[in-house]
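Novice: Letter by letter, the chains look like this.
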Amino acid sequence: MRPSATTTGRVPAGRARPRRTARLEPLLWLGPALLLIGGIVLWPVVEMVLTSLREISRTGVPRGWAGADNFSALLDHPELVPVIGRTIVWVAGIVAVTVALSLGLAQLLHARFPGRRLVRWALIVPWAASLVMTAIVWRWMLSYFYGITNRVLTDLGVIDSPRDWLGDPTIALLWMMWVGVFVSLPFTTYVLLAGLQTVPDEVHEAARVDGASRWRTYWSVVFPLLKPALLVATVINVINVFNSFPIIWAMTRGGPGNATDTTTTFMYKLAFVDQSVGQSAAMAVVNFLMVVVMVLLYLRAVRWKEIG
Amino acid sequence: MNPSWRSRSRPLRAAALGLGAALALSACGDADDGDTITFIAAEYSSDTEPYWQELIADFEEANPGMSVDLQVVNWDDIDQHVTTLVQNRQQPDVLNLNKFAGFAADGLLRPAEDVVSAEVRDDFLPGFADNSVYEGTQYGLPFIASTRLFFYNTDLFDEAGLDGPPRTWDEVADYAEQISELGAVGYGLPLGPEEAQAEFQMWINGNGGHWTDSDGNWAINSEENVETLEFLAGMVDDGLTQPNPATTNRADMFNAFAQGDVGMLNGAVFLPGVIEDQNPDLNYDIAPIPGNEGHEPSTLGVQDYLMAFDNPGNEEAVNAFLDFVYDTDNYTEFLSTERFLPATDSASEAMTSDAELAPFIEALPEARFFPTTRPEWTEVDGAVKQEIGTAVQDAEPREVLDRLQQRASGE
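Residue numbers (this note's numbering), protein chains in the order written: chain A, 1 to 308; chain B, 309 to 719.
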């Protein structure tokens, strides 16, 4: 009661008030969003970091602080280095192939031809379909006992006896990367298509007038103008592929052993197969830092685009 | 790769959070009255949930004022589900799982004598009750049992000119070679993550090995076990099994056997049901699991548990519910629905007439169990499921076993 009495008593303070509430007004609008961000993004991050510093029993009972024990156990894990190496191959491979194929697809969809609308829609299908479903369908197609891949390839004479495609780590990883490319193509193609559509016709005309060949026009004129779209597509893909869990989980569960794990599935297995929640949280922190770095790169890329 | 994964998962996460909050609130409510208990059951088959729903309806009718919140969770997710609940201090009141010692070691369980009547306790078969003890106190309630036996496809045996089941490992390898010449898989070896620990134990037991030595110390890397894995790796190398045991799950192998693609494998009580479903014309026979030269055949016994968590105020409802579950009529109905073996005297008597289960019940006295009375088993089990298969393919058997031993003994 008292503060309000004093404020109403003083004229200047009373005049200052509406200005202060006005300054607070945006908070009212931002509040729900901030609360959501705090609850859904920040709180889990804090919780994750705290968990990584705790000792947690096999059944999940917290046993007190562990300091850096979880991190040193993680660093000593014999599979950590191979898993990180594989993650790099996984991300770089999928993103490179996806972007290369998408450049071609975007060019195709940019051209005018009968049925273009239909093809554009068809391309969305792998994007619209549930990832787990896509991955499971691929797993069945590659199955040793019943898979259609073995049937088709033996009938064509490419292989003479059925192969267990997902049993050999190297081949399994290649197949999973292919599925990764398959589901990434639609988004990437559409981003690049949008990029292509921003290239003004005048530029094409000018190149034609100068007598540039089609290749020359593409590499010297169109491609440089595509750079911003390309950058955005690449960075978003890198983040998504890095975080990708369902493809690997549905197709090989990271096995045999840890031979097809990336850091994301490895983190999951540390918690729920090895029953080591603390170590898994430490892996999560490492993953989180890597994602943060990628996000920062993305933000820089976007700003670069604005300036450019 | 596909930004919709992220945007899609956000609302989902929000929903999950909301749901979690709602669950937390309802859990608080339960703690107050104590007459509503939560029960998490493992999903053995599609019949599991209807069975429990019906049983709970009967229970609630017989005990006005008490109610049971049922959650049936599939085997793939149940460990993760329970660990998460325990971590958030929302453990259920009653749990059905294949391990108990970890929870007992963390002081989360109530001893058996406080949760079921003396009548029910005396009814447990002694072997199962012994296998439910942690540091001198029984915490686990033996719930179901299952044994494994050797299955062989008699059509393939006839075609290969083989007579009767193999009795030793050498015969298994020899027969597998003759069957694989027909284009089928000689011996089906599922060392994929689903049940690798079971397949591995059946083989090490057949060579006189086990997870622990006679003094009860972990002995995963014993000479017997190394020899066993080397023998299996040899079979894989010689092409006597399917090509990639490390990634083949039991379910895939059982299906392939039912389709007539596999000569021999170690099968479970429910394999005849799978065959009945998929290919009733298959001709097969059942035999004891062969051991290495000079070793008796042995079998793997699997025992699952019920257990009561020590949540304040839930005693009365938990005890009433568990006694109701073990009522002979209710219990035998569950066993015959799911095709499992009884863990109590009264149910054994009631089920002796079941011809299909008879060979499995007979094998029970010789059965050896997983070391579920040890809290480390939770972790060893997970590691074995992931790693043991690699030892018959690329990795060195001894190194894999050394690593597992290290995990188990914590050195």
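I should point out that these hints are in silico values taken from the structure, not numbers from a laboratory. These figures come from a predicted structure and were not determined experimentally. One should not assume that every hint holds.
Unchecked claim - Which bits of chain B does chain A cover? Going by a derived footprint, with three or more residues having C-beta under 8 Å, they are: (1) 367-376; (2) 443-453; (3) 467-479; (4) 592-606; (5) 645-657.
Unchecked claim - Here are the computed distance ranges between Cβ atoms for each label pair: (6) Gly157(A) with Gly472(B): 18 to 24 Å; (7) Ser644(B) with Leu118(A): 36 to 42 Å; (8) Val291(A) with Gly491(B): 48 to 54 Å; (9) His389(B) with His204(A): 54 to 60 Å; (10) Ile88(A) with Gln586(B): 28 to 34 Å; (11) Ala68(A) with Glu443(B): 53 to 59 Å; (12) Gly31(A) with Gln586(B): 44 to 50 Å.
The beta carbon of each residue, even a glycine, is placed where N, CA and C say it ideally should be.
Novice: With reference to the structure, classify each hint as holding or not holding.
Specialist: Hints and how they fare:
Proximity of the segment 367-376 of chain B to chain A, defined as three or more residues with a beta carbon under 8 Å from a beta carbon of that chain, is not established by the 0 residues found. For the segment 443-453 of chain B, the stated coverage by chain A is not satisfied: 0 residues place a CB nearer than 8 Å to a CB of that chain, which falls below the threshold of 3. For the segment 467-479 of chain B, the stated coverage by chain A is not satisfied: 0 residues place a CB nearer than 8 Å to a CB of that chain, which falls below the threshold of 3. Counting residues of the segment 592-606 of chain B whose beta-carbon sits less than 8 Å from any beta-carbon of chain A gives 0, not enough to reach three: the coverage restraint is violated.
Against chain A, the segment 645-657 of chain B contributes 0 residues with a C-beta closer than 8 Å to a partner C-beta. That does not satisfy the three-residue criterion, and the hint is violated. In this structure the supplied range 18 to 24 Å is violated for Gly157(A) paired with Gly472(B), their Cβ-Cβ distance being about 40 Å. At roughly 56 Å, the beta carbons of Ser644(B) and Leu118(A) sit outside the given window of 36 to 42 Å. A beta carbon spacing of about 49 Å between Val291(A) and Gly491(B) agrees with the range 48 to 54 Å that was offered as a hint.
With their beta carbons about 58 Å apart, His389(B) and His204(A) fall inside the hinted range of 54 to 60 Å. Separated by about 43 Å at the C-beta atoms, Ile88(A) and Gln586(B) break the suggested range of 28 to 34 Å. Range check, Ala68(A) to Glu443(B): Cβ separation about 32 Å, and the 53 to 59 Å hint is violated. Under the hint 44 to 50 Å, the C-beta atoms of Gly31(A) and Gln586(B), about 58 Å apart, miss the expected range.
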